[in-house]
Amino acid sequence: MSDQKILAIVTLEKATVAGGSPIFVVDSREELERQSFTLEKILDAMVHEVAPTTFILVRHSD
Amino acid sequence: MNLDHMMMAVIVSGLAGVCTRIYLLQTDYRQYPTYPHGYIIHLALGIIAAGLGSVAIPALIQKDFTAFTFLALAAQQFRDVRNMERTMLSKVDQMELVPRGVSYIEGIAMVFEGRNYLTIASALITSFTVIMWNTTVGVMVGVVSVICSRFFMSGKMLNSIVEVREAKLRLDGASLYVEDIYLMNVGLSSDKKAIMENGIGMILTPKDASSRITLSNVGQRQAILHDVSTVLGVYRDTGEPALTPLGKLDLKDGRLGLLLLPQDRNVKRAIDIIGKVPVLESAMKKPLQANATRGGTS
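Keeping their order, the protein sequence lines are chains A and B.
Using my numbering, read the first sequence as starting at 1 and increasing by one per residue.
Using my numbering, read the second sequence as starting at 1001 and increasing by one per residue.
Calculated from the structure, these hints are not laboratory results.
Values in this document were obtained by computation on a predicted structure and should not be read as measured data.
Warning: the hint list may mix true and false statements.
Unchecked claim - Under the rule of at most 27 Å between Cα atoms (straight-line distance), these lysine-lysine pairs were calculated in the DSS-like manner:
no.	chain 1	residue 1	chain 2	residue 2
1	B	Lys1268	A	Lys41
2	B	Lys1286	B	Lys1252
3	B	Lys1268	B	Lys1193
4	B	Lys1193	A	Lys5
5	B	Lys1156	B	Lys1063
6	A	Lys41	B	Lys1156
7	B	Lys1193	B	Lys1168
8	A	Lys5	B	Lys1248
9	A	Lys14	B	Lys1248
10	B	Lys1063	B	Lys1091
11	A	Lys41	B	Lys1252
12	B	Lys1248	B	Lys1268
13	A	Lys14	A	Lys41
14	B	Lys1091	A	Lys41
15	B	Lys1091	A	Lys5
16	B	Lys1276	B	Lys1168
17	B	Lys1168	A	Lys5
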């Protein structure tokens, strides 16, 4: 439960995010959903919405 | 007192012991043990336990005191049963879509060890009565002890400490709530759709302060989710981390909000199943009965 990790960040606004996780920059809301969906399946990590323009993929290993 | 009488005591009490074990070995809706091999393992150990219980008193009467120490050996043996169950269930648990959780596994393992001691106890009592009185009384006591064993092994169920009712799931942006209890953040609209279509919301209200503590135990929550998923199936797969049944507490009043994702969307049965989830021994706390709360010293 304590072992949670951000595996990727998908965003519309590159300026709002930074850090150690891979950042995927997209240019539309549809693309944001589509890429997050693909990454969710690939990484087995859940998509969370931290802001309307930014999704993060977190692995909850519980 | 002749040897035949002793032999009779051993046979009758041995049978009583084996019957106890068989009586306690029933596959219930939680489906464990499921397979013939599981039965055979536990029956074989049950027969050993019954044998040990039935010879203990005849051995003492024959002044064979060392034979009695074999009971200690048996205790060791049955602790291994607990270990075996624990190891096996923990391994299997890794392959479950909704795992049982460590607390539930410990509970089950403990029950399996306990059942063997009950087998010994009923054999011991029966052999004692056969030796003290006669076979007829022995048989009667044997039957009674078999029936009583079920009483000792039946723990409390969740419906005795909580009230279960269906509650509406709702989404507020990316936040998923069951009525007013926050559950989780769901980002993808496809996940939101799947949860709203297949999910059932439940709210469990504790009946008193003790049950509030039990309900807040994470192992107890996992046991509830596992039992519901075992019976009603689970709308989930690997690579679908968003479709996770889960429970969250309302910290203000101790209510537990549940998100269930059953394949068979049967609310009435789900409420039934939740009510029949065993209260885990490790989750059961009784602060209301503690001395400190009643003004005692220790």
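Hint-by-hint comparison with the structure:
Note on B/Lys1268 and A/Lys41: the hinted pairing is violated, with a Cα-Cα distance of about 33 Å set against a maximum of 27 Å. For the proposed pair B/Lys1286 and B/Lys1252, the alpha carbon gap of about 20 Å is at most 27 Å, so the pair holds. Of the pairs offered as hints, the one joining B/Lys1268 and B/Lys1193 holds, with about 23 Å between alpha carbons and a cut-off of 27 Å not exceeded. Restraint check for B/Lys1193 and A/Lys5: the C-alpha separation of about 25 Å stays at or below 27 Å, so the hint holds.
For the suggested pair B/Lys1156 and B/Lys1063, the alpha carbons sit about 42 Å apart, so the restraint of at most 27 Å is broken. For the hint pairing A/Lys41 with B/Lys1156, the CA-to-CA distance comes to about 41 Å; that exceeds 27 Å, so the pair is violated. For the suggested pair B/Lys1193 and B/Lys1168, the alpha carbons sit about 15 Å apart, so the restraint of at most 27 Å is met. With a C-alpha separation of about 21 Å, the suggested pair A/Lys5 and B/Lys1248 falls inside the 27 Å cut-off, and the hint holds.
For the proposed pair A/Lys14 and B/Lys1248, the alpha carbon gap of about 34 Å is over 27 Å, so the pair is violated. Distance check on the hinted pair: B/Lys1063 and B/Lys1091 sit about 46 Å apart at the alpha-carbon level, beyond 27 Å; violated. For the hint pairing A/Lys41 with B/Lys1252, the CA-to-CA distance comes to about 36 Å; that exceeds 27 Å, so the pair is violated. Taking the CA atoms of B/Lys1248 and B/Lys1268, the gap is near 21 Å; set against the 27 Å cutoff, the hint holds.
Taken as a hint, the A/Lys14 and A/Lys41 pair is honoured in the structure, with Cα atoms around 23 Å apart against an allowance of 27 Å. Proximity of B/Lys1091 to A/Lys41 is assessed by CA-CA distance (about 25 Å); at most 27 Å being required, the pair is judged to hold. The hinted pair formed by B/Lys1091 and A/Lys5 meets the criterion: a straight-line CA distance of about 25 Å does not exceed 27 Å. Straight-line distance between C-alpha atoms of B/Lys1276 and B/Lys1168 comes to about 22 Å, which keeps the hinted pair within the 27 Å bound.
The hinted pair formed by B/Lys1168 and A/Lys5 fails the criterion: a straight-line CA distance of about 31 Å is larger than 27 Å.
Comparing the model with each numbered hint stated earlier shows that hints 1, 5, 6, 9, 10, 11, 17 do not hold.
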